[in-house]
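Trainee: If you want the building blocks of each chain, they are given just below.
2 protein chains.
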Amino acid sequence: MRIGLLGLGTVGAGTYRVLARNQSLIQARAGRQIVITQVAVRDLARAAAIAGTDVALTTDPFSVVTDPDIDVVVEVIGGTTLAKALVLRAIEHGKHVVTANKALLAEHGSEIFAAAEARGVAVAYEGAVAVSIPIIKALRESLVANHIEWLAGIINGTSNFILTEMRSKGLSFDAALADAQRLGYAEADPSFDVDGIDAAHKLCLLAANAFGSTLQFQQIDIQGITELQVADMAYAEQLGYRIKLLGIAKRSDAGLELRVHPALVPVEHLMASVEGSMNAVMVKSDAAGITLHYGAGAGSEETASAVIADLVDLARTFGADAHQRVPHLAFQSQALHALPVLPMTELVGSYYLRFDLAEGDGDGVVAHALEQLVQTGVEVQSHALLLHHQDRARRAFTILTRPTRLAKLMQAVNRLQQLPHELGAPTVLRVEQLT
Amino acid sequence: MRIGLLGLGTVGAGTYRVLARNQSLIQARAGRQIVITQVAVRDLARAAAIAGTDVALTTDPFSVVTDPDIDVVVEVIGGTTLAKALVLRAIEHGKHVVTANKALLAEHGSEIFAAAEARGVAVAYEGAVAVSIPIIKALRESLVANHIEWLAGIINGTSNFILTEMRSKGLSFDAALADAQRLGYAEADPSFDVDGIDAAHKLCLLAANAFGSTLQFQQIDIQGITELQVADMAYAEQLGYRIKLLGIAKRSDAGLELRVHPALVPVEHLMASVEGSMNAVMVKSDAAGITLHYGAGAGSEETASAVIADLVDLARTFGADAHQRVPHLAFQSQALHALPVLPMTELVGSYYLRFDLAEGDGDGVVAHALEQLVQTGVEVQSHALLLHHQDRARRAFTILTRPTRLAKLMQAVNRLQQLPHELGAPTVLRVEQLT
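Protein chains in written order, with this note's numbering: chain D, -18 to 416; chain S, -18 to 416.
Bear in mind the hints are in silico, worked out from the structure with no lab data behind them.
Hints should not be assumed to be uniformly reliable.
Said to hold, decoys possible - Every beta carbon over 10 Å from chain D, so not counted as near; a handful from chain S, in silico:
| hint | residue |
| --- | --- |
| 1 | Gly33 |
| 2 | Gly75 |
| 3 | Ala99 |
| 4 | Glu107 |
| 5 | Ala119 |
| 6 | Arg148 |
| 7 | Asp160 |
| 8 | Ala169 |
| 9 | Gln199 |
| 10 | Gln200 |
| 11 | Glu282 |
| 12 | Pro321 |
| 13 | Leu328 |
| 14 | Thr379 |
| 15 | Val412 |
Unchecked claim - No farther apart than 35 Å at their CA atoms in a straight line, the calculated lysine-lysine pairs in the DSBU-like style are these:
| hint | chain 1 | residue 1 | chain 2 | residue 2 |
| --- | --- | --- | --- | --- |
| 16 | S | Lys265 | S | Lys65 |
| 17 | S | Lys150 | D | Lys265 |
| 18 | D | Lys265 | D | Lys65 |
| 19 | D | Lys265 | D | Lys231 |
| 20 | S | Lys150 | S | Lys65 |
| 21 | S | Lys265 | S | Lys389 |
| 22 | D | Lys231 | D | Lys389 |
| 23 | S | Lys265 | S | Lys231 |
| 24 | D | Lys231 | S | Lys265 |
| 25 | S | Lys231 | D | Lys265 |
| 26 | S | Lys65 | S | Lys231 |
| 27 | S | Lys150 | S | Lys265 |
| 28 | S | Lys389 | D | Lys265 |
| 29 | D | Lys150 | D | Lys265 |
| 30 | S | Lys389 | S | Lys231 |
| 31 | S | Lys265 | D | Lys150 |
| 32 | S | Lys150 | D | Lys150 |
| 33 | D | Lys65 | D | Lys150 |
Claimed, not checked - Cβ-Cβ distance ranges computed for the label pairs, FRET-style:
| hint | chain 1 | residue 1 | chain 2 | residue 2 | range |
| --- | --- | --- | --- | --- | --- |
| 34 | S | Arg23 | D | Gln305 | 32 to 42 Å |
| 35 | S | Gln362 | D | Gln398 | 49 to 59 Å |
| 36 | D | Lys150 | S | Asp372 | 39 to 49 Å |
| 37 | D | Glu340 | S | His369 | 41 to 51 Å |
| 38 | D | Gln305 | S | Arg2 | 18 to 28 Å |
| 39 | S | Gln362 | D | Arg373 | 36 to 46 Å |
| 40 | D | Gly236 | S | Ala1 | 24 to 34 Å |
Where a beta carbon is used, it is the ideal one built from N, C-alpha and C, also for glycine.
Working from the sequences, and respecting the hints, build out all of it.
Mentor: Laid out in structure tokens, this is it:
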């Protein structure tokens, strides 16, 4: 099977390296040789240093995707403009495509998958979501018997690294981000990662595969981690919780929940132990129950591992009828539906509220706040008066609510702030039990 | 695709129920209807109560496996005698087979897989190992690009439930076993589970898939949990460790390590958080790094989920050439080797030693023991004098060693016990960092 590789950056070079190093092992498993015969790059000299002279190098990626000698195109250049044009051209020319490009598929997947189906080729993308975790395969093949109820993922390694640094070292978001950038865990422009966009791209693909819904990236409610304060991580820890950036997709009779946001997770929960740049996805299904899938969320050879797994899948079914392959989004395409996505404000959940107390604030202020909440119909699960983890002169009043519709909670919070001599605006974070 | 189901016990009934309940969902994914048309049982009346009248019931399983109308046989009767005869007969008659029978495959898999390959049919067995965890698929398909270095699994739910009970409630093994039996987590004769045999069956299958070795059940070094004392769980906790029954397979240049035994795992390690009857398998690969796969290790619908996933895989490739299917043991059969299995005594690892101190034992006894160990070449990582968790008048002297060949450690321990006025025989447990 002859591969045309588009891009020889971190992932492309890793793919080239792993395929070369483990060639005999891969062939002993796949029963067929998988050979990269062409590589499209921007810098030929740099590429020659990585790929040597065994492979044809070109600066024209379109010549690769249209070459009759190429069976499969591996797209690892990233971005959504050139990558989209190349992938569509490759499909048009009857090539299978393997990509690790989550942005491309989350935003243009419907068009790309439809084109591939019409042309009878496959677009494989295990490397696009939580790279070394075989979660696309788990959803599409292993959990195929199940009605999937929900999934929750720590699916952005950069954010998880920053949160782990903040909590374990008591750093501010800015300081932890600077660490992450220095260590190569965050890019110079980290906004895709810390604003939750990257996690939302992955969640979009996960949700479609879990629920048979079409790709609905625009419908995802997204909140990143840039506003998170280390004080809340410390307060949460005192209450038995750890704060994680989660991507959550949940199906109910009313529709789909699709949301990315920081949330409090019980500290003894497995998801709370997913630290540093690692990723994990937990899935709740009706027959299989809870499964957790954990591994690296990024990295050169980690992504290569997923890309090559896709190549071997294609090698095994090479020449097979299209219906013998696993559908792009787990379900036969005619069975996909644009399930309605519920607005965040209408979702029912438990919340953590943190009010800073001013020096003179006494029990009366706290009692008054509780009374106001209860009057608005927000039920309180527990509350606590906690000392700031560094400055013991500062205190905060925290509340964990019972399940409440967010709109009602926000109404209560607004009302609270309109009263004279009251507490300032609280920090509001969702609490997830994940059971 | 027409299925003949052998057995309508826990797993068989679960398979029947999930296929019926999620029929439209499964068809929307698989693109093909999967129908159980015949069921072989011992008790027709009981079977009719479960399966109704839509399906042909028989007490003759051989009539099912030889029926020309049957495409796939699902074997969930268990045991290794009748099950083996039925599976081989089904293969002979050109049926694909799906089974969740780990004992059958660990002990007779080589013969069964060879027969299937010769006849051009598939034997699928995702449900045989850590049922709701898609670990066979992960090893055979997702990690296909990787040189796998080692894997470690908590792969017996009964044992893990008992260990969790012992630790969290301070129960003895016998008391925790009685609890497990009362709650349905352990069978009346629990020996397969608590003696480590069941875990070894699963490890045998995992190791073959990871390393391209033939099935070598007889070569596995097996130690169960029946001798474990709750005091050691408490001492281990004081030292920052939790005791788990692990199945470990590791490849080195010298050969394979294949072992099932209780081991100390760092308490902050994810594997330490796998509690109750849950299972997990951690895999270390050269490209993908560490991945962890977690889920239920037993259960009616949990196993059914894996059985049906195998059925859908077969449905998708139904009629395909044999080479388009994934090889039974991950590697093309001609690439399988009987890799040499290293004896436990030759393995190098860190160990926990616990000596009970008698009332009069002073620092001199402890110092002497340490001196003797060091003289035999055993390097000590750390040692501690710990109080018994319940009886504070009792004390123990614990040692964590540096990596040592077990034979040398045993020699040192024997020497220690031959000296007059010395410490009694210690409890010796392996320590695993799993990184």
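Trainee: Are the hints correct? Go through all of them and say.
Mentor: Against the structure, the hints:
A cut-off of 10 Å between C-beta atoms confirms that Gly33 of chain S is not in contact with chain D; the least separation is 20 Å. For Gly75 of chain S, the shortest C-beta to C-beta distance to chain D comes to about 19 Å, beyond the 10 Å cut-off, and the non-interface label holds. For Ala99 of chain S, the non-interface assignment is confirmed: its Cβ lies about 17 Å from the closest Cβ of chain D, beyond the 10 Å cut-off. For Glu107 of chain S, the shortest C-beta to C-beta distance to chain D comes to about 7 Å, within the 10 Å cut-off, and the non-interface label is violated.
Not every CB of chain D is more than 10 Å from the CB of Ala119 of chain S (nearest about 5 Å), against its label as outside the interface. Distance check for Arg148 of chain S against chain D: the nearest CB is about 14 Å away, which clears 10 Å, and the non-interface claim stands. Asp160 of chain S, annotated as away from the interface, keeps every beta carbon of chain D farther than 10 Å; the closest lies near 21 Å. With a least CB separation of 25 Å from chain D, Ala169 of chain S remains clear of the 10 Å interface cut-off, as annotated.
Taking the minimum C-beta to C-beta distance to chain D, about 24 Å, the non-interface status of Gln199 of chain S holds against the 10 Å cut. Non-interface status of Gln200 of chain S relative to chain D is upheld: no Cβ of that chain comes within 10 Å, the nearest being about 22 Å off. The non-interface label for Glu282 of chain S is inconsistent with chain D: the shortest C-beta to C-beta separation is roughly 4 Å, within 10 Å. With 10 Å as the threshold on Cβ separation, the claim that Pro321 of chain S sits away from chain D holds: the shortest Cβ distance comes to roughly 19 Å.
Distance to chain D confirms Leu328 of chain S as a non-interface residue, since its nearest Cβ pair spans about 24 Å, more than 10 Å. Against the 10 Å criterion, Thr379 of chain S stays outside the reach of chain D, whose nearest CB is about 26 Å from its own CB. Interface exclusion of Val412 of chain S from chain D stands, the closest Cβ pair being 20 Å apart, more than 10 Å. Annotation: proposed proximity of Lys265 of chain S to Lys65 of chain S holds, straight-line Cα distance about 33 Å (limit 35 Å).
For the proposed pair Lys150 of chain S and Lys265 of chain D, the alpha carbon gap of about 28 Å is at most 35 Å, so the pair holds. Between Lys265 of chain D and Lys65 of chain D the alpha-carbon distance is near 33 Å, which keeps this suggested pair within the 35 Å criterion. Distance hint between Lys265 of chain D and Lys231 of chain D is fulfilled; the C-alpha atoms sit about 9 Å from each other, no more than 35 Å. Our distance criterion of 35 Å between C-alpha atoms is broken by Lys150 of chain S and Lys65 of chain S, whose separation comes to about 41 Å.
For the given pair, Lys265 of chain S sits about 28 Å from Lys389 of chain S by alpha-carbon distance, which is consistent with the 35 Å threshold. With a C-alpha separation of about 21 Å, the suggested pairing of Lys231 of chain D with Lys389 of chain D holds against the 35 Å cut-off. Of the pairs offered as hints, the one joining Lys265 of chain S and Lys231 of chain S holds, with about 9 Å between alpha carbons and a cut-off of 35 Å not exceeded. Simply put, Lys231 of chain D and Lys265 of chain S have alpha-carbon atoms about 31 Å apart, close enough for the 35 Å limit, and the pair holds.
Restraint check for Lys231 of chain S and Lys265 of chain D: satisfied, since their Cα atoms lie roughly 31 Å apart, inside the 35 Å limit. Annotation: proposed proximity of Lys65 of chain S to Lys231 of chain S holds, straight-line Cα distance about 29 Å (limit 35 Å). With a CA separation close to 33 Å, the supplied pair Lys150 of chain S and Lys265 of chain S stays within the 35 Å bound. For the suggested pair Lys389 of chain S and Lys265 of chain D, the alpha carbons sit about 47 Å apart, so the restraint of at most 35 Å is broken.
Restraint check: the Cα-Cα separation between Lys150 of chain D and Lys265 of chain D comes to about 33 Å, which is no more than 35 Å; the hinted pair holds. For the proposed pair Lys389 of chain S and Lys231 of chain S, the alpha carbon gap of about 21 Å is at most 35 Å, so the pair holds. A C-alpha spacing of about 28 Å is found between Lys265 of chain S and Lys150 of chain D, which places the hinted pair at or below 35 Å, so the restraint holds. At most 35 Å may separate the alpha-carbon atoms for a hinted pair to count; Lys150 of chain S and Lys150 of chain D meet this at roughly 34 Å.
This hinted pair does not check out: Lys65 of chain D and Lys150 of chain D have alpha carbons roughly 41 Å apart, beyond 35 Å. For the pair Arg23 of chain S and Gln305 of chain D, the beta carbons lie near 37 Å from each other, so the given range of 32 to 42 Å is met. At about 57 Å, the CB distance of Gln362 of chain S to Gln398 of chain D agrees with the hint of 49 to 59 Å. For the pair Lys150 of chain D and Asp372 of chain S, the beta carbons lie near 41 Å from each other, so the given range of 39 to 49 Å is met.
Under the hint 41 to 51 Å, the C-beta atoms of Glu340 of chain D and His369 of chain S, about 49 Å apart, fit the expected range. Range check, Gln305 of chain D to Arg2 of chain S: about 26 Å between beta-carbon atoms, so the 18 to 28 Å window is met. Checked against the hint of 36 to 46 Å, the C-beta distance between Gln362 of chain S and Arg373 of chain D comes to roughly 38 Å, which is consistent with it. Between Gly236 of chain D and Ala1 of chain S, the C-beta spacing of about 26 Å keeps the proposed range 24 to 34 Å intact.
When the structure is compared with the earlier hints, violations turn up for hints 4, 5, 11, 20, 28 and 33 and for no others.
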